[in-house]
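Engineer: Each chain, letter by letter, is given below.
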Amino acid sequence: MTKELICINCPMGCALTAEVENGEVISVSGNTCPRGETYAKTELTAPVRVVTTTIISDTGKPVPVKTKAPIPKDKIFEVVSEIKAHTVILPVGMGDTVLENAADTGVDIISARSVSVE
Amino acid sequence: MADVVIIGAGAVGCAAAYELAKYKLSVVVVDKESDVCEGTTKANSAIVHAGFDAEPGTLKARLNVRGSEMMEELSNKLDFAYKRNEAMVLCFDKDISGLEALKEKADKNGVKGVSIISGDEARALEPNLTDEVQAALLAKTSAIVCPFEMTLAFAENAYTNGAEFKLSCAVTGIDKDSGGYIVHTSKGDIKARCVINAAGVYADRIHAMVSGTPLKITPRKGEYMLMDKTAGGYVSRTIFQLPTKMGKGILVTPTVHGNLLAGPTAENIDDKENTSTTKQGLADVKAKGSLSVKNIPFNKVITSFTGLRAVGDRGDFIIEECSDAPLFFDAAGIESPGLTSAPAIGEYLRELIEKRIPLEKKEKIAETRKGITHFAALSEEEQDKLIKETPAYGKIVCRCETVTEGEILDAISRPLGATTLDGVKRRTRAGMGRCQAGFCSPTSMALIAKKLGIRIEDVRKNGVYESEVR
Amino acid sequence: MKNEYNIIIIGGGPAGMAAAIGAKEAGEEDILILERDGVLGGILNQCIHNGFGLHTFNEELTGPEYAERYADKVKAMGIPYELDTMVLDVTALSDGKKAVSVISSKRGAVTLTAKAVILAMGCRERPRGALNIPGFRPQGVYTAGTAQKLVNLEGAKVGKEVVILGSGDIGLIMARRMTLEGAHVAAVAELMPYSSGLKRNIVQCLDDYGIPLLLSHTVVDIKGKEKLEGVYIARVDEKNQPIEGTEEYYPCDTLLLSCGLIPENELSSGAGVSIDPRTNGAYVNESLETNVEGVFSCGNVLHVHDLVDFVSEESTRAGANAARYVREGKAAKGREVSVTVGNGVRYTVPSRISLGALDDMTHIRFRVTGVFKNVSIVIKSGENEILRRKSRILVPSEMLDIILKREKLEGLSEDINVFIEEVQQ
Chain S
1 MTKELICINC PMGCALTAEV ENGEVISVSG NTCPRGETYA KTELTAPVRV
51 VTTTIISDTG KPVPVKTKAP IPKDKIFEVV SEIKAHTVIL PVGMGDTVLE
101 NAADTGVDII SARSVSVE
Chain V
1 MADVVIIGAG AVGCAAAYEL AKYKLSVVVV DKESDVCEGT TKANSAIVHA
51 GFDAEPGTLK ARLNVRGSEM MEELSNKLDF AYKRNEAMVL CFDKDISGLE
101 ALKEKADKNG VKGVSIISGD EARALEPNLT DEVQAALLAK TSAIVCPFEM
151 TLAFAENAYT NGAEFKLSCA VTGIDKDSGG YIVHTSKGDI KARCVINAAG
201 VYADRIHAMV SGTPLKITPR KGEYMLMDKT AGGYVSRTIF QLPTKMGKGI
251 LVTPTVHGNL LAGPTAENID DKENTSTTKQ GLADVKAKGS LSVKNIPFNK
301 VITSFTGLRA VGDRGDFIIE ECSDAPLFFD AAGIESPGLT SAPAIGEYLR
351 ELIEKRIPLE KKEKIAETRK GITHFAALSE EEQDKLIKET PAYGKIVCRC
401 ETVTEGEILD AISRPLGATT LDGVKRRTRA GMGRCQAGFC SPTSMALIAK
451 KLGIRIEDVR KNGVYESEVR
Chain B
1 MKNEYNIIII GGGPAGMAAA IGAKEAGEED ILILERDGVL GGILNQCIHN
51 GFGLHTFNEE LTGPEYAERY ADKVKAMGIP YELDTMVLDV TALSDGKKAV
101 SVISSKRGAV TLTAKAVILA MGCRERPRGA LNIPGFRPQG VYTAGTAQKL
151 VNLEGAKVGK EVVILGSGDI GLIMARRMTL EGAHVAAVAE LMPYSSGLKR
201 NIVQCLDDYG IPLLLSHTVV DIKGKEKLEG VYIARVDEKN QPIEGTEEYY
251 PCDTLLLSCG LIPENELSSG AGVSIDPRTN GAYVNESLET NVEGVFSCGN
301 VLHVHDLVDF VSEESTRAGA NAARYVREGK AAKGREVSVT VGNGVRYTVP
351 SRISLGALDD MTHIRFRVTG VFKNVSIVIK SGENEILRRK SRILVPSEML
401 DIILKREKLE GLSEDINVFI EEVQQ
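Chains as they are written, first to last, in my numbering: chain S, 1 to 118; chain V, 1 to 470; chain B, 1 to 425.
Excised from the complex, chain S in its bound form (with noise of 0.2 angstroms):
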């Protein structure tokens, strides 16, 4: 089976072409660079991203967070609404880890900016 897709690693967006046979990736063409293989095989079986979001602080003030790595694509939801229940302490470093092992991925959830009291 032949499938189609846009890599999403960098802003060149190069359009990839994969044979996948029985659940595995078995050849990838159209990328420029190795990054578009491997996007494609994890893409094809098991997708994953990196969520940014906000978390709260507890001045009010909203401070930015991102998953440490890439979490399961189908999980995006659970987390976000787990750090959503959360409240950071400020002061926060970037970098801090303000949630472990958000909703059982085994990734935590560090803040993406130094945000002081203030």
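Rather than coming from a laboratory, the hints here were simulated on the basis of the structure. Certain hints may be false.
[As the list claims (entries may be wrong)] Only pairs whose alpha carbons sit at most 30 angstroms apart, straight line, appear in this in silico BS3-like list of lysine-lysine:
hint, chain 1, residue 1, chain 2, residue 2
1, S, K3, B, K373
2, S, K84, V, K450
3, V, K77, V, K94
4, V, K94, V, K286
5, B, K97, S, K73
6, B, K160, S, K61
Remember, it's a predicted structure, so these values are computed and weren't measured experimentally.
Following the hints, position chains V and B against chain S.
Structural biologist: The following block gives chains V and B in isolation, referenced to the frame of chain S:
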């Protein structure tokens, strides 16, 4: 019991309050909106008409000329933007009898400084006029004004002199009572000896609450396009076209704050709330405006809007005591030149009341009113001094119009202060520039939210807060 | 606080910070960054999504992370910056210096002077008025960036039922963002037959969430007097005119506009800088110097970029060039050639090249006028072909960056022409 209840906080209602608050009277102004200046006053051409257009002998003619005469002094006393920029009425026909008729009207109405000039003379004064212009009427006393500031100035001065303002307060009915009237509102009843009906497009409904005499107000829609300040100098005078039955036609004018304005269309409608713009209307503004002025920079349009004129059924302003409702005064059908006439209407209403109730001046009143300091208009030295005194003036909130946090704080904390984004905009011009509030609205919203003690997402652009409707 | 500087940089976003670093690395010590916001970083602070920094840091960062890395570097290098400071005016003085009028709570209103000024003010969004959408003007109509600021920086809930007009990147990003905040995004309408956003954003912001992208569609009416109630969307013909009878009603409480960005060049114009109507940014030479000597321009105020990485790279060069200008004064620029556009090219930056002052590498950046498949990018000077590069696909949403070595340009006598050529099959 109030001596006078004024229904409607537009230019006319506020001008009447300004005038009456000088006397020993209790004056209450009510309006269904959360701010003054929310109806016909907020969207119009912002012109102080010289008075050559109205039929001689009408109230319109008399009050227009009087209003025009009063305006400059009022603008100094009450601190609102006014500029005498002159006007031209263009004639595209070789036959200039239309202009001659206007000139004759001007003379009969007692308008000074009116003359007829040739097309070339007109183009010498305004180089961007089209070659089709054959002749023009030049009116030296025509001016431009900020309708928001003018109305706010009347309201604030009236407030200082003791008038009470009940906003977000809709009139639901009026009953005659032994001592006068009971005005039923969404915020309770108000007893009144006198009532002034200055309800704009709703004046017929208010009138019908107490009177059986016929009065019909037809909203007439006018669509406008406002252009960036970089286009503001495209013409320096207000450029009219010879009037037709549907009004003064499309005008092109600088605004008192330096933008360029083109409009209005003229379309009679039934819906008193229909302030939507239409594709056809905006196309008409472009097409008709281009008859007068060549290559109008319509690519610099920053916003378009619609205003309603409250057109009466008598061809003249209807300003009188109702024949079947003593001490109930209509100020209805105040279409153009209503903005110009507003101060004279206020004065005239006071005269009408004075004929029925003896009035006595207060011993001491505030003659002047100080508006919000416009930071951008100050010199560097003045700006520096102001920032040193009040550091909030050193923080720019609106980049396009150079409006500071100090001005916005003033706008929301002064008497009758703004509670909505549009209210802040009308008072300070924050959000009125080329980015149309893209950058400043989150900051303005945060400042309003803090003042009102509400969440930022609950700050309204306009209209009435639900919590206020009780 | 002193009032005289060698270089004043207007704007502390990605362009201003990179320009400062570029100038400092080139040996300039006397620099001041003026930023109107309360923090460094500019618009990146509200761009909380990832996708920044692949070129610069070789990893994908969010906007705030990218900004903080640069801000940390500015601080570590000891480059002075002043926040909450607004520049009201820039004027070129007769002695070659520039007067920069600023206001801030700290300084008051004061005029500073600089030998060189770097314009790095960024851009703003095209507002509704400029789009001439008829209808009412209710609450609930925002530019996508304003909504982004409200949601990401103020923590406000902006709406529940959303329609987005314009498929620029901010619109696409906000489609996903609003969805993650619990809103339902009914559709993204795009006037053009192609999206002006990056393909990756269509995949990960729309397709991932099943949000339809309606190409060749636009909003033709807005309903709701005080609060937005809905919009009518219609299909448009080849001339982008709405086709009657195709209107469909979308009930919504929020309409986001993502219809283009306009460089904020009011200060530049005031300083006498000539503006290129194609980019709405300054005309510059290969040093990113405007027609006003000692005034440089970089980042989105020069031309709207697709990637912040390119902003940083460009601005670093602007900073280095400004430092060189301060050090050496007016350079012997030698012969100057124009860079002109041919088939399929909308604009180029720079628009002229001084052959006597060339760096080792010269960048020519441009965008194409439409979608091109299997073509070549060609650069010629007269009959002399300087470059020919094949490309499978070129789209207007992507800014193209061609780097030419010094020897390719030295000794040219005729203007440089950049164009797209169909490849002979």
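Engineer: Has the given pair, K84/S with K450/V, been kept, meaning a C-alpha gap of at most 30 angstroms?
Structural biologist: Answer holds: K84/S to K450/V is near 24 angstroms, not above 30 angstroms.
Engineer: Does K94/V lie within 30 angstroms of K77/V when you go C-alpha to C-alpha?
Structural biologist: violated (44 angstroms)
Engineer: With the threshold set at 30 angstroms, check whether the alpha-carbon distance from K97/B to K73/S stays at or below it.
Structural biologist: Violated: K97/B and K73/S sit about 56 angstroms apart, past 30 angstroms.
Engineer: Please verify whether K3/S and K373/B have alpha carbons no more than 30 angstroms apart.
Structural biologist: holds (21 angstroms)
Engineer: Compare the distance between the alpha carbons of K160/B and K61/S with 30 angstroms, and conclude whether the hinted pair is satisfied.
Structural biologist: holds (21 angstroms)
Engineer: Is K94/V within 30 angstroms of K286/V, Cα to Cα?
Structural biologist: holds (24 angstroms)
Violated hints, listed in ascending order, are 3, 5; each of the other numbered hints is respected by the structure.
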